[in-house]
Amino acid sequence: MLRKMFLQFTTCLCLLLTTITVARAEKILTLMTHDSFNMGKELVAAFEKENDVKLRFLKSGDAGAALVQAILAKDNPLADVFFGVDNTFLSRAITAGIFIPYSSPLLASVPAHLQLDRENRLLPLSYGDVCLNYDKEWFKKRNVTPPTDLADLLKPAYKGLTVVENPATSSPGLAFLLATIGRFGADGYVDFWKKLRANDVLVANGWKDAYYGHFTAAAKGGNRPIVVSYASSPAAAVHYAKTPLSEAPTAALVADGSAFRQIEFIGILKGGKEPELAGRLIDFMLSVPVQEDIPLQMFVFPSNSGARLPEVFVKHATVAVKPAEVAPADIEANRDKWLEAWTNAVLR
Amino acid sequence: MKTRTLLFSLPLVFLLLFYFYPLVRIVLQSFLPEGVWNPDKLENLFSASTYWRILWFTTWQAALSTVLTLLLALPGAYVFARYQFFGKNVFQALLTLPFVLPTVVTAAAFRALLGPNGLMNTWLMQGFDLAGPPIRIDQTLVFFLLAHVFYNYSLVLRIVGSYWAGLDPNLRDAAKMLGASPRQVFRRITLPLLMPAIGSAALLVFIFCFTSFGVVLILGGPGYATIEVEIYRQAVQLFNLPMAAALSLVQIAVNFLLMWLHARLSRKSQVAFIGETLAGNVERAATPGKKVLVGANLLGICLLLIAPLLALAVSSVTWEEGFTFAYYQALFTSEANSVFSVEPIRAVTNSIGFALAAMVAAVTLGLAAATFLAACRGRFASLWDAVIMLPLATSAVSLGFGYIISLNRPPINLRDSLALVVIAHTLVAFPFVVRCILPSLRQIPKSQGEAAALLGASPFQVFRWVELPIITRAILIGAVFAFSISMGEFGASAFVTRPHTFTMPVAIFRFLGQPGEMNYGQAMAMSTLLMLVTCSAFWMLAQLETWRNSPGKFLCDNKP
Chain A
587 MLRKMFLQFT
597 TCLCLLLTTI
607 TVARAEKILT
617 LMTHDSFNMG
627 KELVAAFEKE
637 NDVKLRFLKS
647 GDAGAALVQA
657 ILAKDNPLAD
667 VFFGVDNTFL
677 SRAITAGIFI
687 PYSSPLLASV
697 PAHLQLDREN
707 RLLPLSYGDV
717 CLNYDKEWFK
727 KRNVTPPTDL
737 ADLLKPAYKG
747 LTVVENPATS
757 SPGLAFLLAT
767 IGRFGADGYV
777 DFWKKLRAND
787 VLVANGWKDA
797 YYGHFTAAAK
807 GGNRPIVVSY
817 ASSPAAAVHY
827 AKTPLSEAPT
837 AALVADGSAF
847 RQIEFIGILK
857 GGKEPELAGR
867 LIDFMLSVPV
877 QEDIPLQMFV
887 FPSNSGARLP
897 EVFVKHATVA
907 VKPAEVAPAD
917 IEANRDKWLE
927 AWTNAVLR
Chain B
4 MKTRTLLFSL
14 PLVFLLLFYF
24 YPLVRIVLQS
34 FLPEGVWNPD
44 KLENLFSAST
54 YWRILWFTTW
64 QAALSTVLTL
74 LLALPGAYVF
84 ARYQFFGKNV
94 FQALLTLPFV
104 LPTVVTAAAF
114 RALLGPNGLM
124 NTWLMQGFDL
134 AGPPIRIDQT
144 LVFFLLAHVF
154 YNYSLVLRIV
164 GSYWAGLDPN
174 LRDAAKMLGA
184 SPRQVFRRIT
194 LPLLMPAIGS
204 AALLVFIFCF
214 TSFGVVLILG
224 GPGYATIEVE
234 IYRQAVQLFN
244 LPMAAALSLV
254 QIAVNFLLMW
264 LHARLSRKSQ
274 VAFIGETLAG
284 NVERAATPGK
294 KVLVGANLLG
304 ICLLLIAPLL
314 ALAVSSVTWE
324 EGFTFAYYQA
334 LFTSEANSVF
344 SVEPIRAVTN
354 SIGFALAAMV
364 AAVTLGLAAA
374 TFLAACRGRF
384 ASLWDAVIML
394 PLATSAVSLG
404 FGYIISLNRP
414 PINLRDSLAL
424 VVIAHTLVAF
434 PFVVRCILPS
444 LRQIPKSQGE
454 AAALLGASPF
464 QVFRWVELPI
474 ITRAILIGAV
484 FAFSISMGEF
494 GASAFVTRPH
504 TFTMPVAIFR
514 FLGQPGEMNY
524 GQAMAMSTLL
534 MLVTCSAFWM
544 LAQLETWRNS
554 PGKFLCDNKP
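One line per chain: the protein sequences are A and B, in this order.
Note that the working numbering has the first sequence beginning at 587, numbered continuously upward.
Note that the working numbering has the second sequence beginning at 4, numbered continuously upward.
A couple of the hints might just be wrong.
Some chain B residues well away from chain A (every beta-carbon gap over 10 Å; in silico) [stated by the list, open to error]:
#, residue
1, Leu19
2, Thr62
3, Val297
Here are the computed lysine to aspartate or glutamate pairs in the EDC-like style, where the Cα-Cα straight-line distance is at most 20 Å [as the list claims (entries may be wrong)]:
#, chain 1, residue 1, chain 2, residue 2
4, A, Lys613, A, Asp786
5, A, Lys726, B, Glu323
6, A, Lys745, A, Asp786
7, A, Lys627, B, Asp171
8, A, Lys856, A, Asp735
9, A, Lys660, B, Glu323
10, A, Lys901, B, Glu520
11, A, Lys722, B, Glu520
12, A, Lys828, B, Glu37
13, A, Lys901, B, Glu37
14, A, Lys828, B, Glu286
Don't read these hints as lab results, they were simulated from the structure.
Ideal Cβ positions, reconstructed from N, Cα and C, are used throughout, including at glycine.
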């Protein structure tokens with residue numbers, strides 16, 4: 587009896603496995619990306635109809651984990667197109683050699699300073715500035731001037747007011763660390779963080795935890811009115827407000843050298859089954875309709891300068907004029923060292 | 004014996020395919036990227052004191068969490084095992100809820116209650132006219148120890164409690180008759196008999212805390228890092244795969260040693276006996292002393308477990324100007340204009356679908372493994388026992404990456420299919436099921452089965468009519484945990500590549516990914532729904548159990 591049951595079970599398992607592996611006849615184009623990716627339904631449908639293809643989305647954890655998985659699957663790629671390499675991981679992706687060049691005609695409308703890979707293996711799709719956000723009401727109520735520059739955080743008036751993310755576990759956290767490196771230099775940033783620690787900075791694990799766990803403008807029970815977030819966060823706070831707001835409850839600090847620009851790239855994976863269709867998908871992602879959809883889907887700025895921004899972005903989101911700069915190759919070469927030095931200065 | 008060995012091949016094949024093979028592949032690939040051993044990236048492993056410190060911290064915090072959980076939960080287990088009281092089923096269902104909640108949500112609930120500007124502090128500051136918050140436990144050891152107890156309390160309570168309820172009351176009565184004091188009865192009779200269940204529960208709690216990722220990081224603050232966190236940092240942030248693989252192996256080795264030791268000890272200490280009734284020795288608290296005991300435990304449960312959950316539910320229906328249903332309304336009406344937003348009903352059905360699949364698979368495999376282990380008397384018995392537990396002690400990052408490079412060709416090209424999500428959940432859930440069932444299965448005296456066999460029962464009949472009735476309660480509890488683990492999208496599947504599917508935890512994470520009041524509110528509303536759905540599933544299960552047991556109870560009452 588048991589033996590029979592066992593046999594039945596194995597047969598079922600084998601059948602199941604074969605049905606899963608049998609490829610379907612329909613043409614499929616796969617886009618691999620991180621968990622926070624999103625895009626409009628109608629746009630996807632339009633692309634599918636126009637190219638007679640089914641778009642499939644593969645999600646693989648956070649941006650870093652997704653890239654490592656794409657690199658591990660190098661010999662037998664999981665997808666045709668990959669979106670979500672940012673400039674902090676750019677060098678790693680290029681060195682791994684998992685992308686093939688594709689010079690999309692639409693790159694003509696993308697500003698040159700966003701195009702970090704000269705061979706166009708990775709094409710910029712969107713960008714956002716990581717910077718400090720503060721709770722306007724908190725400062726107004728107490729008659730304290732909000733900070734206007736990174737260096738302000740060290741002043742006694744701002745003691746115990748700031749929460750940042752751990753750069754070892756969070757991507758905005760790393761971006762903010764890079765902002766301080768770009769601003770104070772590879773020799774000066776450790777000193778800045780040591781002083782910031784003395785000024786009672788709080789380190790949270792990730793963005794969700796910092797923003798919804800500690801930031802006074804968003805967290806129940808939070809007590810930090812300054813948080814590391816994005817320059818577009820005030821726009822999101824208005825867009826997702828419970829009652830319509832004319833003014834954002836938070837403000838972003840984008841003074842020169844106080845923000846780090848995170849650029850997100852898309853690219854065609856080497857060895858994919860549909861390289862030609864993959865190119866068309868990239869053109870589509872860079873086209874104006876998709877680019878105009880991006881801001882309200884992921885709350886970042888579109889890379890195509892021809893795309894018009896939604897009203898809430900025009901009114902409440904800001905862009906850093908002069909973000910702090912660190913070259914991708916430097917980031918990959920020094921990440922280990924910088925993180926180690928940061929951890930020693932702030933946590934130990 | 005033969006059929007049992009054959010049965011064991013089921014979980015063994017499962018482990019070989021979805022655990023050992025991917026793990027070996029990723030370790031080999033990490034250590035020998037081009038087929039050559041390259042120890043450059045490993046030089047820090049033994050020289051840097053950092054890793055020793057992390058290993059030491061991981062171990063002692065897990066041990067401390069386990070001891071604390073046992074101390075707090077054992078009295079609760081006693082109360083649930085021996086007393087009948089109003090709302091017992093509801094309490095039991097509520098207790099398992101922490102398991103399904105994402106860490107970020109739990110942290111938000113704890114902070115809303117105990118944070119610097121949280122409810123308790125606001126009350127205390129207003130009530131006693133204090134200048135600063137009196138409770139300052141955010142980002143401290145106390146906070147994450149509290150959270151570990153919050154997560155694991157039900158594990159101890161349910162595993163030990165169900166076992167306790169099944170203990171033969173005659174043994175206690177006999178000891179009492181011979182003049183033993185209640186204390187002596189507990190120390191000499193009850194405690195030794197309970198040891199297998201306590202050991203099982205303690206082991207699970209320890210491994211759970213040892214591999215803790217989010218809880219420690221979010222509530223304890225980034226100053227505390229476990230090995231699991233370091234593995235993630237090495238693999239993802241620094242792309243140092245050899246180091247990540249080495250640390251994974253250290254984590255596995257430490258836990259394997261512990262599990263093997265536990266298996267050895269529990270085999271030595273096992274006493275075969277049988278609880279004659281399933282629900283026969285449950286009483287109502289009659290004397291004042293007993294009433295206080297039951298009341299104190301329930302109060303403790305309310306404070307520790309129910310208050311944070313309640314705080315969550317409350318924040319899903321309130322905003323700064325009072326009561327609101329807007330978050331729920333938005334959840335059900337907001338136009339789905341992006342490709343990844345699906346109506347919440349779909350999220351609920353998707354979550355339940357995954358959880359049911361993982362539960363059935365975990366119970367099937369767990370039952371097969373436990374049946375084999377209970378009968379296994381060979382030299383390798385303890386070894387097999389420990390092997391079964393390995394998936395629980397393995398880093399999710401390593402295993403997720405292992406799938407990418409191993410399950411990538413027909414006949415098992417599963418690396419990007421939804422089946423992998425169920426498999427990952429099953430892998431973590433089925434050791435839980437084994438630990439729930441094994442103690443009960445071992446308490447059945449061998450003579451019982453032999454007597455039935457002598458009377459002509461086939462092995463299957465022995466299982467169906469002798470063993471199954473005794474272990475049903477344990478199976479149900481194992482099923483409950485398997486279901487919760489999958490409902491909460493337990494860490495195991497976080498690093499598995501999968502086609503996008505909208506489940507309840509995924510929805511919560513999406514809402515919490517953007518700033519804005521409505522996002523926070525909807526995340527809280529979705530968390531409350533997640534709790535409600537899980538809770539009602541468990542309540543139904545408990546009702547089913549009560550209903551199933553009642554005819555048996557009637558029979559016992561008729562005993563001369």
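Structure-based check of each hint:
1. Non-interface call for leucine 19 of chain B relative to chain A: holds, since the shortest CB-CB distance, roughly 13 Å, exceeds 10 Å.
2. Its beta-carbon lying about 19 Å from the closest one in chain A, threonine 62 of chain B satisfies the requirement of being farther than 10 Å from that chain.
3. For valine 297 of chain B, the condition that its CB be more than 10 Å from all CB atoms of chain A holds, with the nearest at approximately 32 Å.
4. A threshold of 20 Å between alpha carbons decides the hint, and for lysine 613 of chain A with aspartate 786 of chain A the separation of about 56 Å lies outside it, so the pair is violated.
5. A C-alpha spacing of about 18 Å is found between lysine 726 of chain A and glutamate 323 of chain B, which places the hinted pair at or below 20 Å, so the restraint holds.
6. A threshold of 20 Å between alpha carbons decides the hint, and for lysine 745 of chain A with aspartate 786 of chain A the separation of about 6 Å falls inside it, so the pair holds.
7. This hinted pair does not check out: lysine 627 of chain A and aspartate 171 of chain B have alpha carbons roughly 61 Å apart, beyond 20 Å.
8. For the given pair, lysine 856 of chain A sits about 43 Å from aspartate 735 of chain A by alpha-carbon distance, which is inconsistent with the 20 Å threshold.
9. The suggested pairing of lysine 660 of chain A with glutamate 323 of chain B is violated, with an alpha-carbon distance near 51 Å, which exceeds 20 Å.
10. For the hint pairing lysine 901 of chain A with glutamate 520 of chain B, the CA-to-CA distance comes to about 19 Å; that is within 20 Å, so the pair holds.
11. Using a Cα cut-off of 20 Å, the hinted pair lysine 722 of chain A and glutamate 520 of chain B holds, with the two alpha carbons roughly 15 Å apart.
12. With a CA separation close to 56 Å, the supplied pair lysine 828 of chain A and glutamate 37 of chain B exceeds the 20 Å bound.
13. In summary, the hint linking lysine 901 of chain A to glutamate 37 of chain B is not supported, as the alpha carbons are separated by about 54 Å, beyond the 20 Å threshold.
14. For a cut-off of 20 Å, the pair hint linking lysine 828 of chain A to glutamate 286 of chain B is broken: about 51 Å separates their Cα positions.
Violated hints, listed in ascending order, are 4, 7, 8, 9, 12, 13, 14; each of the other numbered hints is respected by the structure.
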